[in-house]
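Based on the sequences and whatever the hints tell you, model everything.
Protein chains in written order, with the working numbering: chain A, 1189 to 1499; chain B, 1189 to 1499.
Mixed in with the good hints, there may be bad ones.
When chains are identical, the list treats them as one kind, so a pair holds in a single copy or across two.
Using 20 Å as the maximum straight-line C-alpha spacing, the simulated PhoX-like pairs for lysine-lysine come out as follows [as the list claims (entries may be wrong)]:
no.: 1; residue 1: 1200; residue 2: 1414
no.: 2; residue 1: 1261; residue 2: 1201
no.: 3; residue 1: 1215; residue 2: 1452
no.: 4; residue 1: 1468; residue 2: 1452
Simulated from the structure, these hints should not be mistaken for laboratory data.
Protein chains: 2
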Amino acid sequence: MNIVERLLEGDKKACARLISKLENNEKEAIDIVKQLYNRTGNAYVIGITGAPGSGKSTLTNKLTKELLKQGKKVGIIAIDPTSPFSQGAILGDRIRMNDLALDKNVFIRSMGTRGSLGGMSRATWDAVKVLDIFGCDYIFVETVGVGQSEIDIVKVADTILMVVIPNTGDDIQAIKAGIMEIADIFAINKSDLEGADKTKLEIEMNLDLNEKNEYRPPVIKVSASKNQGMRELLEKIYEHRRFLEENNELEKRRIRNSRLQLLKLVEDELMEIILDKSVKDDLLDKLSREITKGAIDPYTAKNRIIELIRR
Amino acid sequence: MNIVERLLEGDKKACARLISKLENNEKEAIDIVKQLYNRTGNAYVIGITGAPGSGKSTLTNKLTKELLKQGKKVGIIAIDPTSPFSQGAILGDRIRMNDLALDKNVFIRSMGTRGSLGGMSRATWDAVKVLDIFGCDYIFVETVGVGQSEIDIVKVADTILMVVIPNTGDDIQAIKAGIMEIADIFAINKSDLEGADKTKLEIEMNLDLNEKNEYRPPVIKVSASKNQGMRELLEKIYEHRRFLEENNELEKRRIRNSRLQLLKLVEDELMEIILDKSVKDDLLDKLSREITKGAIDPYTAKNRIIELIRR
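And the structure:
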């Protein structure tokens, strides 16, 4: 059997191999995604974000177990923010998902951002599509909330779940800095810690400011490690899904996501063409030196490079 | 007198107006930068980064006062991370710089990132160049360390100063996530707080791992609000500058920065052309819908758009 047949039969190894090939930008793998693209659209994608240490992995783990009980097939993609300089992953805790990894209805994948300064790499989107084709009913995309990556999660998710822990001024600060607006559900994890009610209140007050919206994100207290509130949290996800479906919002959101993804692909390809052409001619180096000396201004230099692509 | 003459005579209002015009992407202003670009390269640019609440503004304030005593002209650009969704600035504390704002040798500017998902906007680079032309000896670019923005600061700075406060596990986490590598100097601010020595030790241990480098970033304890260690910190900045200059590293760094800036300009222009053309034809919308339905794959859709630009 070839890799496509094996993928469609639910072979996890074939699935893993295809994603690796996509990470390496192999043409064969991209051709497979192209060929099978009409099989996408069935999976429901849940983005999970939150600061390091907020317990996202444990929470994803527990939600997955709930979904398994309900007979669902689940994919988990954990985005590791890697340094663009050292390319080393900072989170080694994915290993604790191992008890799930053996289940034939769970596929787990950790992906680095590979020094792509844009955060979530194109390969992540591809991986979501592969898991969709693979037959997952639900796909979790878990990312660490350090700025760009939560914003990138918008590009793949149908529902965005933000995990917050009590008593961390930093989290609220982060929420204010643009994350608040993208979350569809807030889960206050480790809610047996002091300050959980205060954190809930703060988030609710912030939400009051956005009352114009038809959908109001629920804020619920949970404790993933104690397995408390997991079923309720899953119910909130289902509720959000129903809201989107009944109001024709799911399609709108997916079209917006496709648009962002398409633009990113275009951007990447254009930059590749540019780098290729301008490095070949040493033009980029030459112009960078001249800009530094003040011998040419960056705007004029830019036009020189733009001309390249039109030839 | 026209705006150029006034700028060159040190008129702060002319300087402010030019930067505003650049923020609004006005052609006239870009033409002025182009025309005066050969006057750039004299200012020394110091990037200041660190978590919210680490006291960056106070520290910048105090360093500026030291520089003023030494007869220097100083520019300060404070980057406010604004939400890409609400476009509201989260930091209102710039106001405390007001006592400096009246000094004729200080120019202070707060800039939003204007929903540009890339963090630091092109206008920031332009503002640095305007302050350079304006005659500033030193320019501080202060940004809040929330991921992308510290990485963007690399694109403009000659020296990068990272401000850390004691006893915050989060800071160390952030440092590990890629910031460590870009800092040239570490200032442990509020160092009268418990844990300052421990934080210093942790940073030093991290630096030990990078011993291969010729230059080792100093880690010094300061207290900006108590005006302690400011002269020493300034001396460290001078030392780093001397190191760069004596080893021909300053030019290399500036060429690298020019290159990043040039690529960003190219990228922005290409995306503008693409959006312009594809929105006109409704092509982007049409393709995004088809991708969502699975009627076309994103790679084929991308090629359709790339063809546009070549026409």
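Item to check | Homo-oligomer pair classification [residue 1201, residue 1261; C-alpha up to 20 Å] | outcome: Only inside one copy: residue 1261 and residue 1201 sit 16 Å apart there, 63 Å across copies, limit 20 Å.
Next on the checklist: If the cut is 20 Å between Cα atoms, do residue 1215 and residue 1452 qualify within a copy, between copies, both or neither?
Outcome noted: within (18 Å within a copy, 27 Å between copies)
Next on the checklist: If the cut is 20 Å between Cα atoms, do residue 1200 and residue 1414 qualify within a copy, between copies, both or neither?
Outcome noted: Result: close neither inside a copy nor across copies, 30 Å intra and 60 Å inter.
Item to check | Homo-oligomer pair classification [residue 1452, residue 1468; C-alpha up to 20 Å] | outcome: between (24 Å within a copy, 19 Å between copies)
Against the hints set out earlier in the document, a violation occurs for number 1 only.
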